[in-house]
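J.: Just need the whole structure built from these sequences, with the hints factored in.
Just so we're aligned, residue 2 is where the sequence shown starts under the numbering used here, counting upward by one.
No lab work stands behind these hints, which were simulated from the structure alone. Hints may be right or wrong, so weigh each one.
[What the hints assert, rightly or not] Below, in silico cross-link-like pairs of lysine-lysine (DSS-like), each with a Cα-Cα straight-line distance of 27 Å or less:
(1) 63 x 106
(2) 56 x 67
(3) 3 x 16
(4) 4 x 16
(5) 67 x 106
(6) 8 x 20
(7) 76 x 56
(8) 72 x 106
(9) 4 x 20
Since this is a predicted model, take the numbers as computed values, not measurements.
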Amino acid sequence: MKKNDLKRMLKPLIKECVKEMILEEGLLTNIVSEVAAGMQGNLVTESRQVQTKRKQQTADEKQNIKRKSDKARKKINEHRQRLMDSIGKDAYGGVDLFEGTEPIKPQATNAAGSVDLGDPNDSGVDINSILGNASNIWKAIK
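T.: Following this line, the structure appears as C-alpha coordinates:
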(Lines of atoms letter the chains of each structure in order from A and count residues from 1; the text may use other names and numbers.)
(Lines give C-alpha, C1' and ligand atoms only; values in the text may rest on other atoms or scores of the structure.)
Protein backbone atom coordinates (compact mmCIF):
# COMPACT_ATOMS: atom_id res chain seq x y z
CA MET A 1 0.00 0.00 0.00
CA LYS A 2 1.34 3.37 -1.00
CA LYS A 3 1.44 6.49 1.13
CA ASN A 4 -1.24 8.30 -0.90
CA ASP A 5 -3.61 5.34 -0.69
CA LEU A 6 -3.18 5.20 3.10
CA LYS A 7 -3.75 8.94 3.32
CA ARG A 8 -6.95 8.69 1.27
CA MET A 9 -8.30 5.97 3.57
CA LEU A 10 -7.33 7.54 6.91
CA LYS A 11 -8.25 11.18 6.22
CA PRO A 12 -12.05 10.65 6.28
CA LEU A 13 -11.75 8.45 9.39
CA ILE A 14 -9.64 11.01 11.29
CA LYS A 15 -11.91 13.84 10.16
CA GLU A 16 -14.96 12.01 11.48
CA CYS A 17 -13.22 11.20 14.80
CA VAL A 18 -12.17 14.82 15.37
CA LYS A 19 -15.65 16.07 14.51
CA GLU A 20 -17.18 13.56 16.94
CA MET A 21 -14.77 14.59 19.73
CA ILE A 22 -15.43 18.31 19.29
CA LEU A 23 -19.21 18.16 18.99
CA GLU A 24 -20.36 15.10 20.93
CA GLU A 25 -17.82 14.90 23.74
CA GLY A 26 -18.29 18.58 24.74
CA LEU A 27 -14.79 19.67 23.80
CA LEU A 28 -16.15 22.65 21.86
CA THR A 29 -17.95 24.03 24.92
CA ASN A 30 -14.73 23.74 26.93
CA ILE A 31 -12.82 25.63 24.23
CA VAL A 32 -15.44 28.39 24.09
CA SER A 33 -15.58 28.77 27.88
CA GLU A 34 -11.77 28.97 28.12
CA VAL A 35 -11.64 31.66 25.42
CA ALA A 36 -14.44 33.63 27.12
CA ALA A 37 -12.67 33.39 30.50
CA GLY A 38 -9.45 34.63 28.92
CA MET A 39 -11.16 37.63 27.35
CA GLN A 40 -12.74 38.80 30.61
CA GLY A 41 -9.35 39.85 31.97
CA ASN A 42 -9.02 42.46 29.20
CA LEU A 43 -12.12 44.49 30.12
CA VAL A 44 -11.80 48.28 29.93
CA THR A 45 -13.29 50.27 32.79
CA GLU A 46 -14.28 53.91 32.63
CA SER A 47 -12.50 56.35 34.87
CA ARG A 48 -14.50 59.15 36.45
CA GLN A 49 -11.41 61.27 37.11
CA VAL A 50 -10.92 61.87 33.39
CA GLN A 51 -14.36 63.47 33.15
CA THR A 52 -13.73 65.75 36.12
CA LYS A 53 -10.41 66.79 34.61
CA ARG A 54 -12.17 67.65 31.36
CA LYS A 55 -14.76 69.70 33.24
CA GLN A 56 -11.95 71.46 35.10
CA GLN A 57 -10.16 72.15 31.81
CA THR A 58 -13.29 73.66 30.25
CA ALA A 59 -13.83 75.79 33.36
CA ASP A 60 -10.21 76.97 33.16
CA GLU A 61 -10.64 77.73 29.46
CA LYS A 62 -13.77 79.78 30.19
CA GLN A 63 -11.89 81.72 32.86
CA ASN A 64 -9.02 82.36 30.44
CA ILE A 65 -11.45 83.60 27.78
CA LYS A 66 -13.17 85.88 30.28
CA ARG A 67 -9.82 87.19 31.51
CA LYS A 68 -8.70 87.90 27.94
CA SER A 69 -11.96 89.65 27.05
CA ASP A 70 -11.74 91.79 30.20
CA LYS A 71 -8.16 92.64 29.31
CA ALA A 72 -9.18 93.59 25.75
CA ARG A 73 -12.06 95.72 27.05
CA LYS A 74 -9.68 97.52 29.41
CA LYS A 75 -7.23 98.08 26.56
CA ILE A 76 -10.00 99.55 24.38
CA ASN A 77 -11.05 101.93 27.15
CA GLU A 78 -7.43 103.04 27.64
CA HIS A 79 -7.15 103.60 23.88
CA ARG A 80 -10.31 105.71 23.90
CA GLN A 81 -8.92 107.76 26.77
CA ARG A 82 -5.65 108.35 24.90
CA LEU A 83 -7.62 109.41 21.81
CA MET A 84 -9.59 111.90 23.86
CA ASP A 85 -6.39 113.23 25.41
CA SER A 86 -4.75 113.60 21.99
CA ILE A 87 -7.79 115.39 20.55
CA GLY A 88 -7.86 117.71 23.48
CA LYS A 89 -10.48 118.04 26.14
CA ASP A 90 -11.66 121.40 24.78
CA ALA A 91 -12.23 120.07 21.27
CA TYR A 92 -15.84 119.39 20.32
CA GLY A 93 -17.03 121.44 23.26
CA GLY A 94 -15.69 118.94 25.80
CA VAL A 95 -18.06 116.24 24.51
CA ASP A 96 -16.81 112.65 24.76
CA LEU A 97 -17.32 111.31 21.23
CA PHE A 98 -16.92 107.67 22.32
CA GLU A 99 -19.13 107.78 25.38
CA GLY A 100 -21.36 104.69 25.58
CA THR A 101 -20.29 103.33 22.21
CA GLU A 102 -19.49 99.69 21.54
CA PRO A 103 -18.55 97.87 18.35
CA ILE A 104 -21.46 96.60 16.27
CA LYS A 105 -22.24 92.95 16.90
CA PRO A 106 -21.65 90.67 13.89
CA GLN A 107 -24.71 89.40 12.04
CA ALA A 108 -25.80 85.83 12.76
CA THR A 109 -26.02 85.05 9.04
CA ASN A 110 -24.80 87.06 6.11
CA ALA A 111 -27.40 87.86 3.48
CA ALA A 112 -26.64 87.12 -0.15
CA GLY A 113 -24.46 89.85 -1.62
CA SER A 114 -23.48 91.37 1.73
CA VAL A 115 -19.86 92.11 2.54
CA ASP A 116 -18.17 90.41 5.48
CA LEU A 117 -15.86 92.99 7.02
CA GLY A 118 -14.72 90.68 9.80
CA ASP A 119 -15.07 90.82 13.55
CA PRO A 120 -15.60 94.40 14.82
CA ASN A 121 -13.57 93.53 17.93
CA ASP A 122 -10.52 92.70 15.80
CA SER A 123 -7.80 95.28 16.44
CA GLY A 124 -6.55 95.09 12.86
CA VAL A 125 -3.03 95.79 11.64
CA ASP A 126 -0.60 98.07 13.49
CA ILE A 127 0.49 100.82 11.08
CA ASN A 128 2.46 102.93 13.57
CA SER A 129 5.80 102.04 11.97
CA ILE A 130 4.54 103.15 8.55
CA LEU A 131 3.35 106.49 9.87
CA GLY A 132 6.58 106.99 11.81
CA ASN A 133 8.67 106.76 8.63
CA ALA A 134 6.25 108.99 6.74
CA SER A 135 6.68 111.81 9.26
CA ASN A 136 10.47 111.65 8.78
CA ILE A 137 9.99 111.86 5.01
CA TRP A 138 7.69 114.89 5.34
CA LYS A 139 10.24 116.60 7.58
CA ALA A 140 12.95 115.98 4.98
CA ILE A 141 10.77 117.45 2.21
CA LYS A 142 10.15 120.71 4.13
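J.: Against the earlier hints, flag every one the structure doesn't satisfy and list their numbers going up.
T.: 7
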